[in-house]
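J.: Take a look at the letters that make up each chain.
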Amino acid sequence: MSSGIRLDEEHTYDREGPLLELEGVTKYFSQESGLLAGMQFDPGTFPPISVDREHVEAVDDVSLEVRPGETLGLVGESGCGKSTLGRTILRLLEPTEGDIYFKGENLADLSGEELRRTRSDMQMIFQDPQSSLDPRMKVGQIIEEPMRAHGLLDDEGREARAKDLLEKVGLDPRHYNRHPHAFSGGQRQRINLARALSVDPDFVVCDEPVSALDVSIQAQVLNTMDELQDEFGLTYLFIAHDLSVIRHISDRVAVMYLGHIVELAEKEELFENPQHPYTRALLESIPVPDPREDGARGVLEGEVPSPVDPPSGCRFRTRCPRLIAPDAYDWADGEWAQTRAFMRAIKRRSFESMSAAEMRREFFDGRPPGGEAGSVVEEAIDLVANDGETDREADDEADCWEAATDLLLDSFAEQSVCARERPAYELEPERGDGTHFSACHLHR
Amino acid sequence: MSSEPLLRVENLKTQFFTEAGTVRAVDGLSFEVREGEIVGLVGESGAGKSVASMSIMGLVEAPGEIVAGEITYKGETIFGLEEGPDGELRKRDDALSDEEIRTRIRGNEIAVIFQDPMESLNPVFTVGGQLREFIELNRGLGEDEAKAAAIDMLREVGIPDPEERYEEYPHQFSGGMRQRVLIAMALACEPSLIIADEPTTALDVTVEGQILDLVDDLQAKYGTSFIWVTHDLGVVAEICDRVNVMYLGEIVEQAPVDELFYDTKHPYTNALLDSIPRPDRTVTELEAIEGVMPEAITPPSGCRFHPRCPDAREVCKRVHPEAKVVDDAGGEPHRAACVQHDAFDVGYDESPPLEGVAGGVSTVRDEGSGDSGADSELAANPTGDDSGGGSRE
Amino acid sequence: MAVSESQLESGREPATEDEEEVEARVGWRYTVARIKRDTTARWGLYVVTIVLFVAIYAVVDSNLSLLTFGLLSDFTFARLLPIFDHPTHIPPPGEGTQHMPPYFPLAEQAWNPLPAGGTLEHPLGTDHTGRDYFTRIVYGTQVSVFVGLVSTFIGLAGGTVIGAVAGYYGGRADDILMRAVETVYSIPPLILIIVFTVFVGGANIWYAVLGVGITFIPVFARIIRSRVLSIREMDYIEAARAAGVKDRHIIMRHVVPNSFAPVLVYATLQIGVTILIVAGLSFLGYGAQPPTPDWGQMLNIAHGYMHSNVWLSIWPGIAIMITIMGFNLFGDGLQDALDPRIDD
Amino acid sequence: MKLLKYTIYRLLQAIPVLIGISVITFLLANLGPGDPVSLMLQGQEHSEELVRTIERRYGLDRPLHERYLTYMGGLLQGDFGQSIHHQRPVADLMINRVGPTLLLVLSAYAFALATAIPLGIIAANRRNEPTDHVSRIAALVGVSTPSFWIGIVLILIFAVTLGWLPSSGLIYPWRPPSAYRGIDGHLELYYESVRHLLLPMIALGTLQMATIMRVERTQMIESLQGEYVKLARAYGVPERTILRKHAFNVAQLPIITIVGLNLSTAIGGAVLVETVFNINGMGRLFVNAISTNDYQLVMGITMMLGFLFVIGVIITDISYAYVDPRVTYGERE
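Chains as they are written, first to last, in this note's numbering: chain A, 10 to 453; chain B, 951 to 1343; chain C, 422 to 765; chain D, 250 to 582.
FYI, nobody ran anything at the bench for these hints, they're computed from the structure.
Treat the numbers as computed from the prediction; the structure is a model and nothing was measured.
Fair warning: there could be bad hints in the mix.
Label pairs and their in silico Cβ distance ranges [what the hints assert, rightly or not]:
(1) D/418 x C/725: 17 to 23 Å
(2) A/240 x D/498: 52 to 58 Å
(3) D/380 x A/314: 48 to 54 Å
(4) A/101 x D/314: 41 to 47 Å
(5) A/236 x B/1040: 54 to 60 Å
(6) C/571 x D/418: 54 to 60 Å
(7) B/1234 x A/124: 34 to 40 Å
(8) D/390 x B/1027: 48 to 54 Å
(9) A/375 x D/506: 55 to 61 Å
Simulated crosslink set (SDA-like; lysine to any residue; CA at most 25 Å straight-line) [stated by the list, open to error]:
(10) B/1267 x B/1252
(11) A/147 x C/453
(12) D/494 x B/1010
Looking from chain C toward chain A, a few residues come up when the C-beta cut is under 7 Å (computed) [to be verified]:
(13) 655
(14) 656
(15) 659
(16) 660
(17) 662
(18) 663
(19) 666
(20) 678
(21) 681
(22) 682
(23) 756
Backbone N, C-alpha and C define an ideal beta-carbon position, used for all residues, glycine too.
Bound conformation, chain A alone (with noise of 0.2 Å):
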């Protein structure tokens, strides 16, 4: 496309590669700042007064890649990391470690007056239409403010420029001396669009760029996106929670959880064919606009754990219908899935107390398994029973059902091999031909 809207058509780097490469990308936050920050008071220790600050692991060792002219959807549920990964990939954030290659050269070793000019190549678009504009500047000034960062043109240029980006995001040129309180949301992202673009980047990370809007608008903005991107030859990093957005976009899908990369495919690949437990939960839970589809849906159990202390190796593994068995017992059919459902229930204590036989029955058919996981859930179904006492203090009662989780979560939940090692595999894809990366020790 010869619109002339394009600035630098020639590209240095070489094209064959990826345009973005991450290598073990991670990103922790101190939890408190302030003098007195992460002093920890116990007056059951000696010395009662401890230091220990506590770290929130946002982004744990993430390593993908971005190639020229893709689509890359990040999707994950809120608090999963996607946008500290955006963040930290355009350096808004400082990586605790990891490199950031972009365009072969890596970001985290760049630093002040260099960095900021390699901004004159990424871009980023914001979720919310509210804040991401300064209500006090001009459409115009707002537009133009990253050309003038990077001198790129003279005023008139720059005037020009900003007013044929209003036009190609599908607003009016003469908006250009409006303040941003006199357009609508939809109208505000194609502002933000219009700034992201206004020093023809390369690489755009649009950080839930649609999810303010409402249904209708959300599909304009697409679409005004779809074709922007053709036009200026962008590769995006599109984040969204919303998997249909996600599919309607992206060439390639890369799940977050807690974290970490969970799955990575093609986006038919990985729709089509998801191989990692969260994934296809995540699929099974979007409600789909047909009221004749019947799937199942709220597959998942409880809640996503704190990030501060994140469970090992798999961090889905907590809430994982598909938790693998540990090795070290023996176990006959579905007994495991029998103690898996019993092991959650209690550390949940979903139910009332009930006597021993009932807990047999209601868990394990009354067939509760043999051996030594035998024995262990045994123990612990005695630890939990009322049979014995009629009146136990409401104190006792919660040590009893705390001691039964630590037994059975020490004894089954952290053998398992999802519990030990962090689980990644390669695999082989049923479409396309690109690579299937997934996170889940199902596939050793």
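We have chain A; now place chains B, C and D onto it with these hints.
T.: Chains B, C and D only, in chain A's frame:
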């Protein structure tokens, strides 16, 4: 209709009297809810669905006011207006008084679940205390009984370790857990009808799935009726029995859920369905709806959807269609407010198509200034159509 | 805030206005328009304008006419009624023992003070030395307004620098600065100001102003810091960083302009607090020194005549009250005018 | 348990602040152009030798940091040094003066809270009605009027003109009745102490009352618009309960903070009110110390008042934590 419905709303009109003019947030709404069914109220933001649900509870806050309509619940009039001798509108004599609505209807007959689980619970009281207060009030139980009922209900809605969590404060609960607490509140008062105002919008998709499952189970168990307010057609398809689609304060289509999706009768519903990306299949090109919903303060003439409607004709600008029965789906009426249908007979077929509906009414003009009719200084954007689905039939 | 449908959805009134108004939702013109509409702000503005006018008049007047006493006394009502013949020269200090003009606000009079109450010549009577009380009250405006504006400015300037640095950069710098601010904040301001004034300077209005200004730096630093912190979280700051805009441009173009409005409101209210404190300081004898016509200092003197002339203690207090009320009204109004959330 | 942890945490946090206060006070008193000796000898003829002697006597010839450490060492043992003017330990001078000041400040707060909170709630509930307007104007006048002038006016009206109440001094209820001439029995002692306290209490409390009322009103208005209030309405909770329980409890949180932070204004105000009413509290002691250039005493009093303020803030912080569960239990997400 075979039997008296649980709730009947007729010609409900709620308006907000602002400096800038009268906002007709809900403008002539009629629908009903029967025993044990989930009725969807669907629309984009600004459609008036939340105002409608608040109107049913009599909880419209100033400067808003219900100016017309009748709401009947279990045969009793909970809202009704009549013209007094002086020509002023006043409350009908047979309607329940405010005090009666408060003590007899709110909570114990009709309960609500709000959209924002983070803000809806009082931060300085324990979750259990708040739950217990509502139970005591609406079921007349003593303190201990109410507490036992509250803990049972917390367990019922899937909150782990309910005895301990009873004593905890809202900020110690995650969003999904708080939403469960709100659901527990609604159910614990044993109402016959629950109004759920976007209850899963603020939640993650897996949590939403859990909540929908929960509602399904509990609804089967208690037989409670629901009015489910949402903008998400996926959720509608999953749990609703019958659906009302709202646009700019009016119901444009009313049908059982299957008919709505497979035998769509209104262009707005149709366009909405076409514009959403699908999780179950790849859609290469989204067909966006042109423009945005105009302000309810200056609704377009005739059919309110006509400036954005791909099927709009000259007549649509003039005739304002009320929803009429256009089809019958196994005894269930299928209503739509579109003059395309034979039931209207206003000469749609002969009417010439509107000039440049798809491209002429620009996104910019509608979105920005909010005035869709009068000529504003800002003319239509010549490139407006490259923002949407292009020109289509 | 945009004209958004969601406002309507939540039952709040949507702000729909015509094109011009939409255009002017930020900036001075818009603020002025809001102030015009807000009754509180309007009244505050009236009072502040009158007070400022009186103060400026007194400045201009004393500059021009301290040596030409005739003009000076023009201001009083008495001058309107040509009863007295005013001499046109000012006696050198220490010589004020002869026949002295009654309206000169500084020199003490040798003649017997008039009894309490007003006369046509002296609407508010005269003080213990026979000086016209009204003239002194009027000139007191100048001192109060000067003190209020200058010390607030000192606090604002110092607080802006500290608060902006602490807020924008955060981390260790923030910790140390804020701990220092907290410390200064912990000593009751009146106490700190007195200690500062007396031990560092010596009882003197200039040191009082400086002391008040410095003491209020922490207050401003705190509010500016919290404002900067909330603005720093805004996506448009991150957008500017992502666009490669330099830090100092971000601070100058985005952070400062957007922090300004609430700080301005706060400063306006702070002027009142400052006047209040300096009045207390002068009342104790550590602020303005005689013969400067300062309200607090006048109350100090009047305290000794409480039983003989009640009104001497009344008028300066009323003057203080009206002045501070003016700034408070204006500040309140400004707050409403600048805060989009409050709409009544 | 959590509350205890929090309390200790807050006390630890106060240590650097207290050290900071001592540094500031010490520097102001020792670094100013008016050095202690010449301040002491102000107006007197003095020889070099006299200066030396005095310096040696008070240890002023040693380097600044040493003097500071000595001073701090004394402080830790409750020794505030020796008053130059009174020739007595500073601590002794202060010990009798803290009581009246505390009595004055606390009663002023009691008065302010007891009047401001109901008025603020009424104003919020009748928003934009005449009641609201009147109370808003009253509050505006309250925040705009100097406390010492209110004291003067109160004296003029109630003591000078009407003669109902005494115009100066306090009667301390903790002393035996025999300490005062003409007072028989405890009942009369309490009666008299209330009569004496009334005017200074109102003079000092008006500013606090007006401030608290304004905050209470805005907070109640905001709280009444909260989603949780909407929810309570939807569940049929009577409007009165909503006002008194649901909206009220949330609205009180900022009030607690305001009360703590305003303590410094109140302590400053006490200096003025004590002067107007001739009350022998810390404030008058301070004014005397200043006018006699008694820098040791000034330092002692400043430390003491700063300390009182810090303690006050800690108490309010802890009560805040008690009322608002979000402070002690960290956010779970």
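J.: Hint by hint, note whether the structure agrees.
T.: Evaluation of the provided hints:
1. Taking 17 to 23 Å as the suggested C-beta distance range, the pair residue 418 of chain D and residue 725 of chain C conforms, at roughly 18 Å.
2. Hint check: residue 240 of chain A to residue 498 of chain D, Cβ distance near 57 Å, so the stated range 52 to 58 Å holds.
3. Residue 380 of chain D and residue 314 of chain A have their C-beta atoms about 53 Å apart, which keeps the hinted 48 to 54 Å range intact.
4. Distance hint check: the CB atoms of residue 101 of chain A and residue 314 of chain D are about 45 Å apart, consistent with the given range 41 to 47 Å.
5. For residue 236 of chain A and residue 1040 of chain B, the hinted distance range of 54 to 60 Å is satisfied, since their beta carbons lie about 57 Å from each other.
6. In this structure the hint that residue 571 of chain C and residue 418 of chain D lie 54 to 60 Å apart at CB is violated, the actual value being about 38 Å.
7. As the Cβ distance of residue 1234 of chain B to residue 124 of chain A is approximately 37 Å, the hint placing it in 34 to 40 Å holds.
8. Distance hint check for residue 390 of chain D and residue 1027 of chain B: the Cβ-Cβ separation is about 50 Å, which falls inside the suggested range of 48 to 54 Å.
9. Taking 55 to 61 Å as the suggested C-beta distance range, the pair residue 375 of chain A and residue 506 of chain D conforms, at roughly 60 Å.
10. Proximity of residue 1267 of chain B to residue 1252 of chain B is assessed by CA-CA distance (about 5 Å); at most 25 Å being required, the pair is judged to hold.
11. Restraint check: the Cα-Cα separation between residue 147 of chain A and residue 453 of chain C comes to about 20 Å, which is no more than 25 Å; the hinted pair holds.
12. Distance hint between residue 494 of chain D and residue 1010 of chain B is fulfilled; the C-alpha atoms sit about 22 Å from each other, no more than 25 Å.
13. Given hint, residue 655 of chain C at the interface with chain A, holds; its Cβ is 5 Å from that chain's nearest Cβ, closer than 7 Å.
14. For the restraint placing residue 656 of chain C at the interface with chain A, the shortest Cβ-Cβ distance is roughly 4 Å, inside the 7 Å limit, so the hint holds.
15. Annotation: interface hint on residue 659 of chain C holds; nearest CB of chain A at approximately 6 Å, less than 7 Å.
16. For residue 660 of chain C, the interface hint holds, since its Cβ comes within 7 Å of a Cβ in chain A; the closest pair sits about 6 Å apart.
17. Among the interface hints, the one on residue 662 of chain C holds; its C-beta lies about 6 Å from the nearest C-beta in chain A, closer than the 7 Å criterion.
18. For the restraint placing residue 663 of chain C at the interface with chain A, the shortest Cβ-Cβ distance is roughly 4 Å, inside the 7 Å limit, so the hint holds.
19. Hint on residue 666 of chain C holds. Least Cβ distance to chain A is approximately 4 Å, under the 7 Å limit.
20. Using the Cβ-Cβ criterion of 7 Å, the hint placing residue 678 of chain C at the interface with chain A is satisfied: the shortest such distance is roughly 5 Å.
21. Restraint check, residue 681 of chain C versus chain A: the minimum CB separation of about 9 Å is more than 7 Å; hint violated.
22. Taken as an interface hint, residue 682 of chain C does not check out: its beta carbon lies about 9 Å from the nearest beta carbon of chain A, beyond 7 Å.
23. Proximity of residue 756 of chain C to chain A is violated relative to the hint, the smallest CB-CB distance being about 18 Å (cut-off 7 Å).
Hint violations for this structure: numbers 6, 21, 22, 23, all remaining hints satisfied.
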